[in-house]
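Visitor: Using the sequences provided together with the hints, build the complete structure.
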Amino acid sequence: MGEEAACNMTEMPLKVPHFVLVHGIGGGSWCWYKIRCLMENSGYKVSCIDLKGSGIDRSDAKTILAFDEYNKPFTEFMSSLPNDEKVILVGHSAGGLSLTDATHKFGKKIHLAIYLGATMLKTGFCTEQDVKDDSTLAAMLLRPGPIKALVSARFEEGMTDCDEVPRVYIRTMQDRAVKPEQQEEMIKRWPPAEVYVLESDHSPFFSAPFLLFGLLVKAAASVGIY
Numbered sequence: 001m002g003e004e005a006a007c008n009m010t011e012m013p014l015k016v017p018h019f020v021l022v023h024g025i026g027g028g029s030w031c032w033y034k035i036r037c038l039m040e041n042s043g044y045k046v047s048c049i050d051l052k053g054s055g056i057d058r059s060d061a062k063t064i065l066a067f068d069e070y071n072k073p074f075t076e077f078m079s080s081l082p083n084d085e086k087v088i089l090v091g092h093s094a095g096g097l098s099l100t101d102a103t104h105k106f107g108k109k110i111h112l113a114i115y116l117g118a119t120m121l122k123t124g125f126c127t128e129q130d131v132k133d134d135s136t137l138a139a140m141l142l143r144p145g146p147i148k149a150l151v152s153a154r155f156e157e158g159m160t161d162c163d164e165v166p167r168v169y170i171r172t173m174q175d176r177a178v179k180p181e182q183q184e185e186m187i188k189r190w191p192p193a194e195v196y197v198l199e200s201d202h203s204p205f206f207s208a209p210f211l212l213f214g215l216l217v218k219a220a221a222s223v224g225i226y
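Each residue of the sequence shown is one higher than the one before, counting from 1 in the UniProt record's numbering.
Errors might be hidden in some of the hints.
Stated by the list, open to error - Below 30 Å or equal to it, Euclidean Cα-Cα: the simulated DSS-like pairs (lysine-lysine) are:
(1) Lys108 to Lys218
(2) Lys86 to Lys188
(3) Lys34 to Lys45
(4) Lys15 to Lys45
(5) Lys62 to Lys122
(6) Lys218 to Lys179
(7) Lys62 to Lys86
(8) Lys122 to Lys105
(9) Lys86 to Lys105
Stated by the list, open to error - For each label pair, taking beta carbons as the anchor points, the in silico distance ranges come out as:
(10) Arg58 to Val197: 36 to 44 Å
(11) Ile56 to Glu181: 31 to 39 Å
(12) Arg58 to Ser222: 33 to 41 Å
(13) Glu185 to Glu156: 20 to 28 Å
(14) Ser80 to Glu185: 33 to 41 Å
(15) Gly224 to Trp30: 30 to 38 Å
It is worth saying that the hints were derived from the structure and are not from the lab.
Remember, predicted model here, so these are calculated numbers, not experimental data.
All C-beta atoms, glycine included, are put in the ideal place defined by N, C-alpha and C.
Guide: Printed below as a string of structure tokens:
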């Protein structure tokens, strides 16, 4: 009986780690195409989200005034996950707001939240200038972002699982959008479990995809996901 049980246990397939990638302001799911290819070729499950007014969603960013509206596609995705499935979230730039919102609302569905040169504020933005600093480069290169919606992002502390979700921060040391000193200040205010350093610009999924992929896998392993 014991041998049969042991045999059955060894035949049970291990769950494949599921990475959910969230873009920053003015971006889209397309930003992650190099990382997605590397992950899927390595056997990982990957989901990339287009937030409202981003990627293939053609909504006018100027008409999106509330963070909950902007973040709705991600919220619906997290809601749709089975209760027994836990994912690894990766947020870039202002996509960090979406991760923090998810840790408050869906903490039990999250293995790990990885902030990539991202906004990591436990209770949301303090000032409109915080958002504008992060959106300057994106406004020049990509689609305009819904600034008013991001400014409205506020997360209430209280009876949530937010602090139960492990966090990792990946610093982008040549970043001109979310400057290294801004990243350091956020890390000091809300210390994550681990901090990794990447000598890259603001968009390492373009400029250093192999190095970024390695750090994402390392981060997942650091909390014993596989």
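Visitor: None of the hints should be skipped; say for each whether it holds.
Guide: Tested hints:
no., hint, verdict
1, Lys108 to Lys218, "22 Å, holds"
2, Lys86 to Lys188, "27 Å, holds"
3, Lys34 to Lys45, "14 Å, holds"
4, Lys15 to Lys45, "10 Å, holds"
5, Lys62 to Lys122, "26 Å, holds"
6, Lys218 to Lys179, "24 Å, holds"
7, Lys62 to Lys86, "34 Å, violated"
8, Lys122 to Lys105, "13 Å, holds"
9, Lys86 to Lys105, "13 Å, holds"
10, Arg58 to Val197: 36 to 44 Å, "37 Å, holds"
11, Ile56 to Glu181: 31 to 39 Å, "35 Å, holds"
12, Arg58 to Ser222: 33 to 41 Å, "39 Å, holds"
13, Glu185 to Glu156: 20 to 28 Å, "22 Å, holds"
14, Ser80 to Glu185: 33 to 41 Å, "35 Å, holds"
15, Gly224 to Trp30: 30 to 38 Å, "32 Å, holds"
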